[in-house]
Amino acid sequence: MTGAAVARPAEQEERSIGLWRDAFQRMRRSPAAIIGGAIITFFVLMAIFAPFIAPFDPTRGNLGDSYLPPSWEHLFGTNVQGQDVFSRIVFGSRLTLGIAVMSVTLGVTVGAILGATAGYFRGWIDATIMRAVDIMLSIPGLLLAIAVVSWLGRGVVQIAIAIAIVNVPIFARILRGSLLALRDADYVIAAKSVGVGGPTLLLRHMLPNAIGPLIVQATLALATAVVDAAALGFLGLGPPDPRVPEWGSMLSDTYRYLTDAVHLAFFPGIAIVLAVLGFNLLGDGMREALDPRLRR
Amino acid sequence: MTKFIIRRLLLLIPILLGLTLLIFVFTRLLPGDPATTILGERATPENMAIVREALGLDRPLHEQYLQYMGGLLQGDLGRSFITNRDVVDDFLQRFPATIELSVAAILFAIAVGIPLGMYTAKRRGTWVDSAGTVVSLIGISIPIFFLGLMLKWLFAIQFPILPDSGRIDLVDYYVPRVTNFMTVDALLAGEPGGVIDALRHLVLPALALGTIPLAVIMRITRASVVDVLNEDYVRTAHAKGLRESVVDGRHILRNALLPVVTVIGLQTGLLLGGAILTETIFTWGGVGRWIYDAVTARDYQIIQSGVLMLALIFVLVNLVVDISYGFLNPRIRHS
Amino acid sequence: MRTWRWISVFAVLALVLVACGQQGISQPAEESDPPPAESGDAEPTDDGSMDGEPQSGGTLVFGGAALAASLDPALTSDGESFRILQQIYEPLVDLVPGTVDELEGVLAESWTGEPEGTEYVFTLKEGVTFHDGTPFNAEAVKVNFDRWQNFAEEFQGNAYYYGAVMDGFGADNLIESVEATDELTVTITLRDPSPTFLYGIALTPFSIVSPAVLEATNADDPTASTLGTETVQGGTGPFVMEEYIPDDSAVLARNEDYHGEHTAYLDRLIIRPISDPAARLQALQGGSIQGFDLIAPGDRSAVDGVDGFQLVNRSSYNTLYLGVNPTATDDSPLQDLAVRQAVAHAIDREALIEAFYGGGGSPADIFLPPTSGWFDSVGEGAEVYEFDPGAAQTLLEDAGFGADNPPTVNFWYPTEVTRPYMPDPRGLHEAVTTMLEDAGFTVETGSAIWGTEYIPAAQAGTYDLWFLGWTGDYDDPSNWYGVHFGFAQGEPAAAFACDPEGLEAAIDEAEATLEEGARGAAWSEVAQLVHNEVCFVTLVHGDTAIALTEEVRGYVANPTGSESFVDVWLSGE
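Protein chains in written order, with the working numbering: chain V, 52 to 347; chain H, 1451 to 1785; chain W, -14 to 558.
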């Protein structure tokens, strides 16, 4: 009896490795995941090789070259400072991806710790954490981000922190939900019955199985992070140095010229849409791959 | 059921209490204060000291909080530090604008999202379905402000067939404000043209704000209809030879409503956040922009009470959503 | 198919809405097709009052950046509030439209009083009634002046202009007494001579409100006053308040009993708040407003000379400057006068005007704008810094700086704001940063929210270099140099830490010199000290402009800010 009971968690682990491999296989067959992955890879490469792709220094301009229309020299034209818009979009990918990754990493980490604590300990700890989560969730996310940026001051790190704070309660709630569902799973009960407990149970047996939804949500959160960062930039809360290229700020700096030069607002906007779409497609593909209901 | 509602309502109390404290602390963490906003270029230290004292900002923080809470418990949500207007009056005057816009956006999302979701679900696996998936994903991926700007540029400036901003044509339709729902007020004023004009003003902002909910509703409808289509009773219904439209209406749609209600609950927060951007672009005098302006102006009283009222509405909507689950799905009610 | 029925119902609804709109919208489109008959190409765009006989009637919707901060005129200090309130309320005297230093009587028929003297006697206009029907008389003037002087502390912060013009509140401020000598005569006695008193009381916050309304609205009780929030009939102006909906619209209707030369031509004037300059232009192009103020300079070309629109230029009475504070950071390179001069020579004002002001502006050689009556006398002898990057580099080299040890300065700009003198702070900052770097500086960028963070920090003297500007309240050099560089308890203004030998004495001397010729010369001493010492670099006087549709006539722009709509009319189509 005991032998069998001990074997089960191990078996479960093997199955979970199989699950990942299986999920990866499924993702490779999902057109959504492939297109999304391709778009994101494109932007990542653009960010890494920006200095080689961009024909001009994105921060240098000459007032004499203001508002040149798109041409072979300036693919997307120039802005009021005479800077090359194409180069700014290329370099802007660094900031956008950077903020997205930074904020989601931070949000997942803090959210997962809170969610795991709540889901594992239950009782008053759970109640306190979840009430706090409810409170945070009852404030519109963008408003919360605006408030945090206003509080911390403007800057790239501050923007990432603001977006992370918006995400924390979401991640906490998701992980807690998955953990609760697992509490009654056979193998967890079995592991407990043989004296596996405390952090080992949580970290080795429960977390790996609860993490799927978290990863899907994290990918989708990358998409919202890109939108939120751009929205903050649009509202004038982007990076303080105007020479740092950021897509949302580029849009808000130029949309007043919609009638004369719609391209100035159009190209940064399209860049935002593409990046968001990429993360959404990837997350969607992942969800399908990881969704147990769809597994056969 | 009653017990469930009461329990949920009781749970509201700690949430709202925590919220007041959180928002209060937050407003005071923001750098600057209303005194500097009031004075602008003329904010010398002496002038600022006078204004701070006048606004009661020179007193200890706990005193300020207790005073705020004291007023709150007596139903007094305070006055704006900058305009000295009653916060509740201001809220009630703007909130109908936000409601009108959000309802239009959600109606648009439902009216287009559900049929499209059903349509693609029935053609699962075909190119129509794939196209639908891609379109809905693009819809989810377009930031509200970008979509709003492009809609405005296209339909109000390049091809001016719809109004660019505002809630009604103020020259042609002078409508006294009664409810602050522009469509209703125009109706009350006996101006049928005004109603149509107000609706026309709603089109672009509602499209901008409604596109993301539309895409989400479409996806969820598709997924749940796909599930339902596989259920035995639908197959039975088809086998019995029921007309397709009857099956659609009676069986599929009813079951598919559940996720839609969920989405409405989830999207309320998103709508209120998106309202800030939509209201900015279309100069729509609603609560979103009002609170955003209060944050930049550090109008503490508006931030505190305004966000509180928004949060309350958000929580209540979710409560209603949870309750309506029970009615839509007996299984949940009993468990 | 049921699905399609849903979709088609929605599609039909959408078509109806669009179709209904086309009828309304097609009007301006048709208009622009035939060449406008009555307004030829030679039409002067800065004064529409020339073309044709004014016609009565019509509603004008005008886009402002915001509605009024308060409806109590005494508690306002910004142009958007003035725009609305000056249609409703009137002061005793006002500036002649289009000027900055010529006064005319409004509620006062005439007055006597000299800058060197302390007694002013106002003879009031006869037969003026407030909108509530009560008569305007000397007693009403006294009630208002007494109310301001005795403002409760809670009001004093918002009553900025009263405090500034009258040197504070209470029994020991500038006002010694206000007497209603008879029904239509008011005698105001000042404690000391004040050359700016008359210009001060020409400001909208000194508008006279009906005493009956003051009483009915508890206007003296800070916790109960409704004067600032409710629709009341307390003014004497050409328009009465019909409906005021915060963040939505202010609806003003013609005052049929207006005491002026003629009643307003417009039936109604509606002001809509549109905070975003781009949205204002789009609203004009989309047809939902017929005019708006403060067009973004980059947008001038979208209106100027375009069929169906006109641009009314407002010559500027403002100045953008680059604040220079040598003591903001320890060991600041700006402590060296040569480095400050290098900053001044590094900046190409003409390029800034071209790129950010749409050409509508002029380089600011001195702080006072050329529209000021004091421009020549005060500006005499002050150092003017030409754009000369070579000179800037030489100055830096002579001061011991070079490519390997560049002078490092921090340079700040405000967010959440545009000002007439500063249409695009972010863009201006970026361009000036580039110019400073070209001259050999290393620049650290900072930004902060205008009202809540930036102004206090700049005032406290924490920035090396920063943008700020000034729009004159009335035409007197003390409102420019005095306000900015005045000493308090022997200390220079913290923002600039500008303390050259003799500045304090020069300012005291200038403030005390009341005779006009000598006053100009005295302030010129001050100007020379601050400009030669490079306490700031004056950059641009930014013109502003009002964009209108072509049927709007009679709009005359005032350099000091907002305008009365009493002469504005709509030409019939």
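Bear in mind the hints are in silico, worked out from the structure with no lab data behind them. Hints are supplied without guarantee of correctness; some may be wrong.
To be verified - Label-pair restraints from in silico Cβ distances:
{"id": "1", "chain 1": "V", "residue 1": "VAL152", "chain 2": "H", "residue 2": "PRO1642", "range": "47 to 57 Å"}
{"id": "2", "chain 1": "W", "residue 1": "PRO391", "chain 2": "V", "residue 2": "THR160", "range": "52 to 62 Å"}
{"id": "3", "chain 1": "W", "residue 1": "PRO391", "chain 2": "V", "residue 2": "VAL152", "range": "50 to 60 Å"}
{"id": "4", "chain 1": "W", "residue 1": "GLY83", "chain 2": "H", "residue 2": "LEU1516", "range": "36 to 46 Å"}
{"id": "5", "chain 1": "W", "residue 1": "GLY155", "chain 2": "H", "residue 2": "PRO1642", "range": "52 to 62 Å"}
{"id": "6", "chain 1": "W", "residue 1": "GLY344", "chain 2": "V", "residue 2": "PRO120", "range": "45 to 55 Å"}
{"id": "7", "chain 1": "W", "residue 1": "PRO391", "chain 2": "V", "residue 2": "HIS314", "range": "28 to 38 Å"}
{"id": "8", "chain 1": "W", "residue 1": "GLN40", "chain 2": "H", "residue 2": "VAL1770", "range": "27 to 37 Å"}
{"id": "9", "chain 1": "H", "residue 1": "THR1629", "chain 2": "W", "residue 2": "THR114", "range": "41 to 51 Å"}
{"id": "10", "chain 1": "H", "residue 1": "VAL1634", "chain 2": "W", "residue 2": "THR170", "range": "45 to 55 Å"}
{"id": "11", "chain 1": "H", "residue 1": "ASP1682", "chain 2": "V", "residue 2": "LEU233", "range": "28 to 38 Å"}
{"id": "12", "chain 1": "W", "residue 1": "GLU241", "chain 2": "H", "residue 2": "LEU1638", "range": "22 to 32 Å"}
As the list claims (entries may be wrong) - Sample of chain H residues at the chain W side, in silico, Cβ under 7 Å:
{"id": "13", "residue": "GLY1482"}
{"id": "14", "residue": "ILE1500"}
{"id": "15", "residue": "VAL1501"}
{"id": "16", "residue": "ALA1504"}
Being a predicted model, the structure only gives us computed values, none of them experimental. Even for Gly, the Cβ is constructed at its ideal location relative to N, Cα and C.
We went through each hint and held it up to the structure:
| no. | hint | result |
| --- | --- | --- |
| 1 | V/VAL152 with H/PRO1642: 47 to 57 Å | holds (54 Å) |
| 2 | W/PRO391 with V/THR160: 52 to 62 Å | violated (41 Å) |
| 3 | W/PRO391 with V/VAL152: 50 to 60 Å | violated (34 Å) |
| 4 | W/GLY83 with H/LEU1516: 36 to 46 Å | violated (54 Å) |
| 5 | W/GLY155 with H/PRO1642: 52 to 62 Å | holds (58 Å) |
| 6 | W/GLY344 with V/PRO120: 45 to 55 Å | violated (20 Å) |
| 7 | W/PRO391 with V/HIS314: 28 to 38 Å | holds (37 Å) |
| 8 | W/GLN40 with H/VAL1770: 27 to 37 Å | violated (55 Å) |
| 9 | H/THR1629 with W/THR114: 41 to 51 Å | violated (35 Å) |
| 10 | H/VAL1634 with W/THR170: 45 to 55 Å | holds (54 Å) |
| 11 | H/ASP1682 with V/LEU233: 28 to 38 Å | holds (30 Å) |
| 12 | W/GLU241 with H/LEU1638: 22 to 32 Å | holds (27 Å) |
| 13 | GLY1482 | holds (3 Å) |
| 14 | ILE1500 | holds (5 Å) |
| 15 | VAL1501 | holds (3 Å) |
| 16 | ALA1504 | holds (4 Å) |
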